[in-house]
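Colleague: Quick note, the sequences are listed as chains A and Y, same order.
So the first sequence is numbered by this note's numbering: it starts at 1 and just counts up by one.
So the second sequence is numbered by this note's numbering: it starts at 1 and just counts up by one.
Watch out, some of these pointers could steer you wrong.
As the list claims (entries may be wrong) - For each label pair, taking beta carbons as the anchor points, the in silico distance ranges come out as:
id, chain 1, residue 1, chain 2, residue 2, range
1, Y, Asp184, A, Asp142, 29 to 37 angstroms
2, Y, Gly18, A, Asp83, 49 to 57 angstroms
3, Y, Ser16, A, Ser100, 44 to 52 angstroms
4, Y, Lys148, A, Asp150, 45 to 53 angstroms
5, A, His262, Y, Asp141, 55 to 63 angstroms
6, A, Arg230, Y, Leu284, 17 to 25 angstroms
7, Y, Leu284, A, Asp150, 50 to 58 angstroms
Calculated directly from the structure, the hints in this document are not laboratory data.
Values in this document were obtained by computation on a predicted structure and should not be read as measured data.
A virtual CB, placed ideally from N, CA and C, is assigned to each residue, including glycine.
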Amino acid sequence: MTATPLLSVQNLTIDYIGAKFDFRAVDDVSFDIASGEVFGLAGESGCGKSTIAYAINRLHKPPALIRQGRILFEGKDVLDLDDKALREFRWHKVAMVFQSAMNSLNPVLRVEAQFHDLLKRHRGYSKAQSRERAAEMLRLVDIPPERMRDYPHQFSGGMRQRIVIAICMTLDPKLVVMDEPTTALDVVVQREILQRIDELRRSRGFSVLFITHDLGLMVQFCDRIGIMLRGNLVEQGTSDQIYHRPQHDYTKQLWASFPSLHGDPFRLERASR
Amino acid sequence: MMVQEPIIALDHVSKSFGRGDKVVRAAHDITFALHPSRTVALVGESGSGKTTCARLVMREHQPDSGRILFRGRDLSDTGAVGLKEYRRAVQMIFQDPFASLNPAHTVDFILRRPLTLGQPHLKGRAVDETIADLLRRVELDPGAVVHKHPHELSGGQRQRINIARTLAMGAQVIVADEPTSMLDVSVRLGVLNLLNEMKRDLGVALLYITHDLATARYIAEDILVMYAGQIVEWGDVHQVLTNPQHAYTRLLLSAVPDPGIRFDDPGARLDPRAVDVIRREARLLQDRVVEIGPNHFTRQAA
Ligand SMILES: Nc1ncnc2c1ncn2[C@@H]1O[C@H](COP(=O)(O)OP(=O)(O)O)[C@@H](O)[C@H]1O
Ligand SMILES: Nc1ncnc2c1ncn2[C@@H]1O[C@H](COP(=O)(O)OP(=O)(O)O)[C@@H](O)[C@H]1O
Ligand SMILES: [Mg+2]
Ligand SMILES: [Mg+2]
Numbered sequence: 001m002t003a004t005p006l007l008s009v010q011n012l013t014i015d016y017i018g019a020k021f022d023f024r025a026v027d028d029v030s031f032d033i034a035s036g037e038v039f040g041l042a043g044e045s046g047c048g049k050s051t052i053a054y055a056i057n058r059l060h061k062p063p064a065l066i067r068q069g070r071i072l073f074e075g076k077d078v079l080d081l082d083d084k085a086l087r088e089f090r091w092h093k094v095a096m097v098f099q100s101a102m103n104s105l106n107p108v109l110r111v112e113a114q115f116h117d118l119l120k121r122h123r124g125y126s127k128a129q130s131r132e133r134a135a136e137m138l139r140l141v142d143i144p145p146e147r148m149r150d151y152p153h154q155f156s157g158g159m160r161q162r163i164v165i166a167i168c169m170t171l172d173p174k175l176v177v178m179d180e181p182t183t184a185l186d187v188v189v190q191r192e193i194l195q196r197i198d199e200l201r202r203s204r205g206f207s208v209l210f211i212t213h214d215l216g217l218m219v220q221f222c223d224r225i226g227i228m229l230r231g232n233l234v235e236q237g238t239s240d241q242i243y244h245r246p247q248h249d250y251t252k253q254l255w256a257s258f259p260s261l262h263g264d265p266f267r268l269e270r271a272s273r
Numbered sequence: 001m002m003v004q005e006p007i008i009a010l011d012h013v014s015k016s017f018g019r020g021d022k023v024v025r026a027a028h029d030i031t032f033a034l035h036p037s038r039t040v041a042l043v044g045e046s047g048s049g050k051t052t053c054a055r056l057v058m059r060e061h062q063p064d065s066g067r068i069l070f071r072g073r074d075l076s077d078t079g080a081v082g083l084k085e086y087r088r089a090v091q092m093i094f095q096d097p098f099a100s101l102n103p104a105h106t107v108d109f110i111l112r113r114p115l116t117l118g119q120p121h122l123k124g125r126a127v128d129e130t131i132a133d134l135l136r137r138v139e140l141d142p143g144a145v146v147h148k149h150p151h152e153l154s155g156g157q158r159q160r161i162n163i164a165r166t167l168a169m170g171a172q173v174i175v176a177d178e179p180t181s182m183l184d185v186s187v188r189l190g191v192l193n194l195l196n197e198m199k200r201d202l203g204v205a206l207l208y209i210t211h212d213l214a215t216a217r218y219i220a221e222d223i224l225v226m227y228a229g230q231i232v233e234w235g236d237v238h239q240v241l242t243n244p245q246h247a248y249t250r251l252l253l254s255a256v257p258d259p260g261i262r263f264d265d266p267g268a269r270l271d272p273r274a275v276d277v278i279r280r281e282a283r284l285l286q287d288r289v290v291e292i293g294p295n296h297f298t299r300q301a302a
């Protein structure tokens, strides 16, 4: 790991403000992501993963309130960015892929126009320049570039999710935040997409914050993993540690809570009693 | 192997939707049987035809061709099997535990109706007690949930109510269509174990539909691997998963998340072009059945 991490989340605490009481969704969470690293956040639904992802992108809105903490990106606090700096930050530095991102493409725009939107706004590209960049990005995610003339509905869910990932990588961000990017997809499609991202992060050197509830998948893909439980980061370690030597009871419990393809299938019946 | 008569048997059943060049072969030449105290897992990716098979079993679709037998009687013979009798015996549990429970009704009401319809001899206190027994059976505390409405329960609790309701109806066959995919990981196993107990203790025949091979292995004796409307491989779950013969079964197995294999292991890489070839070939009609072992079969293009 390098001296300055790409991203350093420090003592992050986020509440959802309510009429009667506030709900602490993220409680004093700290972790670093190094340049080129894939860091995973695992935990059950409601434990605060998406709340953290939104905050890193400065996409959190009321009733979410950051009570405490810092989100340092290349040493600068994201929470201090003014509007202009924020525009520079999003897409250029950090891009985000949501679980339902495949449904977030504009249905009435051809794929090439969705690339052009971004490239014109941020880089002042002409249509021809955007088309060239779009072709390059689509090839990276195994989509034939000639299909950029098609509309989103002409693609399968897996292909749409790949297009979103290609758009996210268009401005060469240093960090891609992926919040359950493949949960809605089939395992073969999921594997193809994540395997591609793994190759790309090695060749292009970006970091990934990868969020899922599938611990097995997480170990396959991530360098390091943090385990969340009700807003708290209860354990973090290398994938190898989390898999072979989990320390926290909750991590052990998560491992025991789903069947695997190998080993004694009846182990779990006992474990879940 | 199986000496006992099946409760339900599908015999070369096919079902298509649409017409002309828009026709979708949703289920083609489907043959399998459900036996008391046994679980068949039907696995495949979305769109492969799993729910179509479930709806055929539920008599919500009519087969275009082939027969469905209920205790040996052909469902298409008029009058052979009454719809009422069938609907009581064959029950479905859906993916979304909320959609199938009427939000206006309490748990008590949800269970009382099928009980009194199915077992009219039950009266008064006996009904209350049977409801409490059913709730305990699905590991819920009767006192805590009986007066609640569905929205006051968690997803896992709702799915347990759905299971209790199928039992209240007197189900002999349960068709569970991805029953845990919308539940939190920590409660999934509990629901699976419960279905397993229904099978073991009450002799229910279970058709468990999933896209997850690991849970199929956990809960089922037999497995059917479906792709593009065809069952490409089937038989004893351990045989099929340890000695897969069809290229699509192998592909599916290799893509299951496995913490023992890292994406950067050279041997782990799925070649996207090879995947496309497997998909394209598995979409072709495969009319030749090949026997691999006593309870293990696959299909090939003729
Ligand atoms: N807009 C909101 N208002 C109030 N509570 C919220 C809001 N968004 C999320 N929460 C709560 O915050 C907690 C964490 O949510 P989230 O970050 O979405 O979890 P995860 O992504 O791990 O499933 C949950 O208990 C959720 O109910
Ligand atoms: N009622 C219907 N009308 C038209 N097409 C349908 C209908 N039901 C299913 N299909 C099509 O049949 C195929 C199989 O669908 P389904 O049985 O729902 O698959 P699965 O449950 O495995 O996802 C899909 O291509 C689907 O679009
Ligand atoms: Mg989330
Ligand atoms: Mg389905």
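Colleague: Quick one: which hint numbers does this structure break? Sort them smallest to largest.
Modeller: Of the numbered hints, 3, 5, 6, 7 do not hold.
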